[in-house]
Structure formats: C-alpha cells, structure tokens
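Residue numbers (this note's numbering), protein chains in the order written: chain B, 1 to 428; chain X, 1 to 428.
Quick caveat, the hints were computed from the structure, so don't treat them as lab data.
Take these hints with a grain of salt, some might be off.
Identical chains share a label here; the pair holds if one copy fits it or two copies do between them.
[To be verified] Within a straight-line C-alpha distance of at most 25 angstroms, the following computed DSS-like cross-link-like pairs (lysine-lysine) qualify:
| hint | residue 1 | residue 2 |
| --- | --- | --- |
| 1 | LYS83 | LYS423 |
| 2 | LYS423 | LYS290 |
| 3 | LYS423 | LYS329 |
| 4 | LYS51 | LYS150 |
| 5 | LYS86 | LYS105 |
| 6 | LYS105 | LYS277 |
Listed here are the chains, written in short residue letters.
2 protein chains.
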Amino acid sequence: MNILTAEQFANEMKDPSFTMNNEQALDHTVLEIIKHVRKDGDDALIRYTEKFDRAKLNSLTVSEDEFKEARELVDPAFLPALKQAKENIESFHNAQKEQSWFMNKEPGIMLGQKVTPLDKVGVYIPGGKAAYPSSVLMDVIPAKIAGVKKIVITTPPQPNGKVNPYVLVAAEEVGVHTIYKVGGAQAIAALAYGTETIEKVAKIVGPGNAYVARAKKWVYGDVAIDMIAGPSEICVVADETAPPNYVAADLLSQAEHDESASAICIATSNTLAEQIKLEIEKQTATLERKEIIEQSINQHGKIIVASDLTEAFTIVNEIAPEHLQLMIKNASDNVQFIENAGAIFLGNYSPEPLGDYFAGPNHTLPTNGTAKFASPLGVYDFIKKSSIISYSKDAIQDAADQIITIANVEGLTAHANSIRIRKDEPNA
Amino acid sequence: MNILTAEQFANEMKDPSFTMNNEQALDHTVLEIIKHVRKDGDDALIRYTEKFDRAKLNSLTVSEDEFKEARELVDPAFLPALKQAKENIESFHNAQKEQSWFMNKEPGIMLGQKVTPLDKVGVYIPGGKAAYPSSVLMDVIPAKIAGVKKIVITTPPQPNGKVNPYVLVAAEEVGVHTIYKVGGAQAIAALAYGTETIEKVAKIVGPGNAYVARAKKWVYGDVAIDMIAGPSEICVVADETAPPNYVAADLLSQAEHDESASAICIATSNTLAEQIKLEIEKQTATLERKEIIEQSINQHGKIIVASDLTEAFTIVNEIAPEHLQLMIKNASDNVQFIENAGAIFLGNYSPEPLGDYFAGPNHTLPTNGTAKFASPLGVYDFIKKSSIISYSKDAIQDAADQIITIANVEGLTAHANSIRIRKDEPNA
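Okay, chain B solo, but in the shape it has when bound (with noise of 0.2 angstroms):
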C-alpha cells in the first residue's frame, strides 16, 4: 500500500493513462456475438453456452423442478437473512415512487407529466464460481416497486446445465420466475433484440464482466441500460476518531472484489496513515482472498495523506468515488460538502458490506469517476414520463402570434402554420 501525499495523487491524476477506456480491444469479439444471436437466436446461445460455460443446454430455460431443488440446497441461515434484506430494500426504494402530476397554470391550461412504468427489463447476474443473490435483490425490488410487469433474468449456467442456487431463491423471493441460463455477450444481445425464447425487453440491468459491460454499451440506443459498470471502488476519510483496524477490514473488502478493484484512504495524518498500512498488512495475511487482495492492493491501493479535511474532501470529489465512507468526527455534518459519490457510509459502524447486503439502499452504482453525472439504481430507472398538454381554443388564440414569431424565426413556417389556421379557422 502506498502512501502518496495530496500533490503526487493530484500528479497521478492527470496522467491521462488513469482514465483512458482500453476496452476498443473487447469490440471484434462482442461485436461478432452480438451479430449471430440477431442472425441465428436461440441456436447461437446454445452454441455460445456450451463454447463459453462448457455446458450443453437442452432448454434455456431454468424449470420449476430446478427452483424446488435450489431451495433444500440453500444454508438455511440464509432465508431469514436474505428476507431481512429485501424488507430493508423494499422500506428504502419505496421512497422513491414518483407520482404523475399536472398544473392549471390559466384557466384552459393544462400541463403536467405523467408517470408510467417500464413494460419489460431484463436483469444479467453474474456466474461463474461466485453467487450473487443479493444483485438479484437490487436490480428486481426497485423495478417491482416501479410497476415493471415483466421481469426476466438471465445467469451464465454452470457446466451441469444448472444455475447457482442461491440466485434461484433469491429470484423466487422477489416473484421472478422467468430465469434464462444464458451468459456474456450474448445474453444482453438477446434481450435487446429477441430471439425465440427470450423476448426483447425495454431495459437491461444488471453487473457483469467486461463482456457484459461492452456488449452494453453497444445495445445502448436500441435499449435503455442502467449503466456501464467498472471495477468496483472505495474510498475511505479517515481522521484521528477512525480505528485503523475498521479502516483496513473496509478497504479490503473492496479489494476481494478482484484484481482491479481499487481501494483508496484519505488520511488526515502521516501516523494515521502508517497505522492503517500497519493493518492492511496484518489483516491480507488473514484473509482467504489473500492473492486476489494483495494484486489489487499493490496495483490500485492507495492512502493519500491530506493535511485537513478541506483538502480530502476536494480529492473525493475529484475522485468520485462508488463508495465513500467517512470515518470522521462529526461526519453527517460533513455531507454537505460531498458533491460527487454514489453511496456515502457515515461514522465508523457503518462500512460498506452493509451497503452491499442489507441496509436498503441500493448497491448498483456509478463507478470509475460517473458519480460526477449518474446515480444509484432506483426506481426512477425503470419507469418514463410522457409531458402532457391540453390548451383550450381561447387559450391557443391567445399565444398564437407569439408561437408564430419564433416559428417564423426558426424558418419553420408550416410550424407557423398549424398555429395559424386555429386563429384564422377557428370552428373548422
């Protein structure tokens, strides 16, 4: 873990290497997928499944005998557990619901903006060797709240055929019964444009790996997504009240994530920041994730020392970082001068796993410095506003000229027009 001093963070910082997108690389072979689903369906999944996950699929869809066998293999702490959180979900995204409206600004004036839900979103979930139920939570319970109808998930299958089981009892808890065994690329090709089996949906969500995430990118415009996703990051603001042990245990948990994850501590002393290192150090040893902790450490960790909190809270804005924890005196006084992070944790009993399980808000955020335009997923993802506008005769006569005066200033004269033959035909 290095220890850097504001200066050289703000030097490394405009290295243009540090934000550059080497992702170009990915596009043959993302572009290639995308191609043969559209051309060929359900048989280029089939193919691309046994090619990519090694396992031959009769169906690709998961069945209601796999959904019972999902829930005797489950730990059974994990039921209450998994139950806990979505009713903390449920609690938090429910704030969130947003009403249509309108105004009568003038009498035979009516304005307003009406809410309506998705009609379809597709949810990707991770495969592989790990279990994601808890993404299955986040990305389902805020479009359920939104009024989303149809909701399907796609999960790369194991080499068995079968799919984690834990992501089944999870997709069962929240009343998604509808799972794909479909991964990658094609998967997202799938529900943007369709095959067969899986239907074109609205709006695809969900993490993934840099396939998943480029695949995205090039669906974008033809289909809505939450975002792209890159590895995952913290950064904590530590002052003389934070534990250096609580400060280490929450970077690296950030750091398990994988290799490029990054974790990064803003220290307001030299001392501080030598007593965390200390930690970090003592702790990886400890950790079953040691290799994956100590790459990503190595090449991402990082503890700045800042020499007040004036200066910490300018880098974290520049940084803007997916997580942001401030073990500081007095940190919900400190809020305020947050402007760009996706999720901000407050004191020291408040560390990011928290966020990532249980506490309600969501866990889907905006990564790699987007913290500065993007927003958690929420339930204002999955619904859409439609404006509305009703004028009256009178109240159309009455603002006729002047719409025409810009109509006519803009060139657009059969805009002009439709205004005009209202004034001039008023009881065609």
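Here the structure of chain B is known, so what remains is to put chain X in place on it, guided by the hints.
Showing chain X alone in chain B's frame:
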C-alpha cells in the same frame, strides 16, 4: 400519403429494416475526429471548423461585441415572445425539482438520498442555415433550475465566423455567456474530453445531426449524454371530431423538419383518412418548405385506418412516438391508455408546435421508439443522487450475523470480516 389498414401496418413493423441502425458507416469519420480533438485540442477544432463550416476563426469564443450586435439584428417581436416562452418553460420545469430526503427507520439507523446538481454541462445547438433559439431555452432552463453552476453552449458558426443572432439573444436571456463556435463531432469531443479553451463537462445535451448523434454514442460513458436523437416524429390519433385541415397542418409541421421526419396519422374511419389525405395535398402546395415536406410524406408519411380507439392505442404504444396528438372526443380521459409517447397533446387546440416553442414542457423528447424507456429532458437530467447510510454501533451489531451470512454465501469473506471486526472488537 399512403393509407393502410392496421394489419398492413403491423406487417410493416415486423420488417426489421424498420428499426435497423444504419449509422455504423459514420463511425470511421466520427472516431477520426474524436481522436484528433483529443490529441490536438483547439488546433483540431479550428481546422475542422474551417473544413466543415468554411469559417476561419481567430477565437473559438463568442465575444461581448458579438452579443451586443446580435441584440440589434433580431426582429423586435422576437424578444417578448422569447420572454413569455421562457416564463412558461420555467414554470413547468420548476415542478420537476427534487429534494434530498432521509428516513429514520429505527433508532440508530439513518438512510437517505442526497440530490446534487451536475457541476458542468455543455449544450449543443445546431447551426447551419437554421436558427434554434428554442433549443437554447429548452436545454438551458432545466439545467439552471437544477442548480448547474457552469453551462456552456457550442454551435457551428456561419462561414463569416458569426453565430446566429437569435441563438445569442436566447443564450443571453437565459444567462449563458460562454458560447463556443464549434459544431459537429468535434464539438462533442471537445466537451467530452476538454481542450485548451473548452473545459470538459459532466454531461452533453442538445440536438444535432447524424455526426453529432454518433459522436454522442461514442463518448457516452466517459461523459453523460441526454439521448441519441433521431429524426422527428408525430403521430396523430383522429376520430370524427378532428378537423381534417388541423390534422393535416400538424402532420405537415413535422414533415418540414427534414426528409427523414415521419408523420403518421391513425384515423378511425376510411372517410376521415381520405379527407386528411386531400387536405395534406392541398396545404402542401402552399407551404414554403414544400420539397422537404413532399419527400418526408412520400417516404415516411402514412395514414393508418384503425377499427376503433383500442386498436389505435395499441398501434401508438407499439410506435412509441416522440409527439402524440389525441384529436378525439374526451382526449384527457384516454391518456390512461397511452403507455409510450414522449409528449401527449390533447384535443383539437393543442398542436405540436405549441409544445416546440411555448407551452412549457420540454421539446427534447425521445425519438425512434425510445419513448418505451426514455423521458423528455427535464430537471432530473441535471442532478444526480448519492445514497446515505448511517448505522450506530448497536444497529450494526444487531444486523451483523445476517450480513455475514449473505457475505459468506457470496464467497466474499473480507466483506464478512469488515462486519465481524465491529462485532468482535466493538471498542476499537
């Protein structure tokens, strides 16, 4: 103008060429431009502006003198109309403001969502022969209401190096004083990555031609964009209460935008369809932009005869039009059946140009079927949210076992460690 049955139209929709994305041919040029702007900065902008806009620039920025000059060049009737439009747009968009909020579910637990305006926004305004002061209002006002501190405009200059005076006056009226004389993909690249003169922004909004749209797709992810806009569309649902001359005028107002604009009418009887068709022919002959209109109507215009309103609404929801006019009895009672449309205009006196310029709702709307998942531009496009999570020591200890269970199921044991350390070493 072709008249077809609902069945004939359904078959046409099945033809994949209807939605096929043909813009990949632009990629070579657009990526070349982006690469050069990233490499050469202002020099590239000046070079491309000379090449594409035939303007030799000494400065990329509109000067104070040019703003002053513009005030003297505009039609005196324009300013009052602009001011009224501005007031209407502000009034509507003020209703879209969102607040930060928090909840205390239980003692020791605080969750919330912080709303923060974007820091810097770039607005693209098309240039060429036409002027688009209305786009200045529609793109800048919601950003201002959201609280965006830095808003800049880029627009291609005329060959004499000047920017259209109506654009300048509108910009000044909404408080934007930084206008760059750059258009096309080069403007999008400059806003996305920055040059010596143009600062990198968090989000790019505004309409543009095919190069602009494609460049926006490419920079998406490095920067936020509003949408990838396609040609303009109108869909008018007309029953026997709709005056055929009004319907025709409104269809033609969309057709004049450009040859690829689409004007579709869904009529509830064949007689009405014939009357509208006749009116279209009659009015087209009298319109200034007759040539564009004829091409648009011949290539993309159609009148679909539906057997009843239920069938008409099914077709509307399938098309998901940018603009929808309901020129039917009890229009407002039928809004409930519309799921997919950018803006919905009710009755015989709410023609689409009213929304383009004046009524208040935004005229930047989802095109090309994207109203199935996208919304009009709004204040919500210029803010982003951060989740807030705060647990007390007691609260995290109560939840610890359940969080650890889920973390272990996902195989993320360092996550479990970050929770466990707060349980086992509570007084660290």
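Tell me the numbers of any earlier hints that the structure contravenes, in ascending order.
Hint check: 4 and 6 fail, others pass.
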